[in-house]
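A.B. asks: In case you want the letters, here they are:
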Amino acid sequence: GQQVMQIPQYQHVQEGEDFTTYCNSSTTLSNIQWYKQRPGGHPVFLIQLVKSGEVKKQKRLTFQFGEAKKNSSLHITATQTTDVGTYFCAGARGADGLTFGKGTHLIIQP
Amino acid sequence: DTGVSQNPRHKITKRGQNVTFRCDPISEHNRLYWYRQTLGQGPEFLTYFQNEAQLEKSRLLSDRFSAERPKGSFSTLEIQRTEQGDSAMYLCASSFVMAGVQETQYFGPGTRLLVL
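These protein sequences, in sequence, are chains B and E. Here the working numbering is used: the first residue of the first sequence is 1, the next is one more, and so on. Here the working numbering is used: the first residue of the second sequence is 1001, the next is one more, and so on.
Derived from the structure by calculation, the hints contain no laboratory data. Here a beta-carbon is modelled for each residue, glycine too, at the ideal position from N, C-alpha and C. Treat each hint with caution, since some may be false.
In silico negatives: residues of chain B with every beta carbon more than 10 Å from chain E [to be verified]:
#	residue
1	Glu17
2	His42
3	Arg60
4	Ala78
5	Thr82
6	Leu98
7	Gln109
Cβ-to-Cβ under 7 Å is the rule here; a few derived chain E residues that face chain B [as the list claims (entries may be wrong)]:
#	residue
8	Thr1013
9	Tyr1033
10	Gly1042
11	Pro1043
12	Phe1045
13	Tyr1048
14	Phe1096
15	Thr1104
16	Pro1109
17	Gly1110
Bound conformation, chain B alone (with noise of 0.2 Å):
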């Protein structure tokens, strides 16, 4: 079946440093989606890149697709405390159910 790997599983960083968490698809995909869930709460949408080599931007955040659809990396810039988290990316190969990765945890260091 289709597995999607996310890496780094955890992530400390120093308030105001970068962020960068990277998914693999072991199957080509339809889209793929990222999502963040806060401690005790609920996977919450954040993108959805459809195209082939697509970049999206959303403040400090980059959010690339690769060119053969298996691969995606979610980038912040200058991390700030709200950023704390696990941000999942969730691939999907069609308008079925999403196969989520195993999340990276984003810990921030004031």
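Place chain E on chain B using the hints.
C.D. replies: Coordinates of chain E only, in the frame set by chain B:
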């Protein structure tokens, strides 16, 4: 507030008991999904509905699990003869799909199940 609601938010039960969870999706959404999330893991897909039809079930959904969406609106997920391994957060999500193209899945707050 995503608009997806789930009840109850927490459930503690004894092993062997049956439990039922409810999900109310965003009203105009035609797709409803159930996921399970354990500590430190990402959500795992269980099943989904297109209107009232159940279109796909994961192999994670054993025969003790059953889901319904009788009128294409709210959905219920029942677990019979609960086991301690069923302890998890059960998440519901909804989306709108047209012509095979999916829009964003919006998640509810989840039901946290603890089986003693």
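A.B. asks: All the hints need checking, so say for each whether the structure fits it.
C.D. replies: Hints, verified against the model:
| no. | hint | in the structure |
| --- | --- | --- |
| 1 | Glu17 | holds (24 Å) |
| 2 | His42 | violated (5 Å) |
| 3 | Arg60 | holds (21 Å) |
| 4 | Ala78 | holds (26 Å) |
| 5 | Thr82 | holds (19 Å) |
| 6 | Leu98 | violated (6 Å) |
| 7 | Gln109 | holds (21 Å) |
| 8 | Thr1013 | violated (21 Å) |
| 9 | Tyr1033 | holds (6 Å) |
| 10 | Gly1042 | holds (3 Å) |
| 11 | Pro1043 | holds (5 Å) |
| 12 | Phe1045 | holds (4 Å) |
| 13 | Tyr1048 | holds (5 Å) |
| 14 | Phe1096 | violated (10 Å) |
| 15 | Thr1104 | holds (5 Å) |
| 16 | Pro1109 | holds (5 Å) |
| 17 | Gly1110 | holds (5 Å) |
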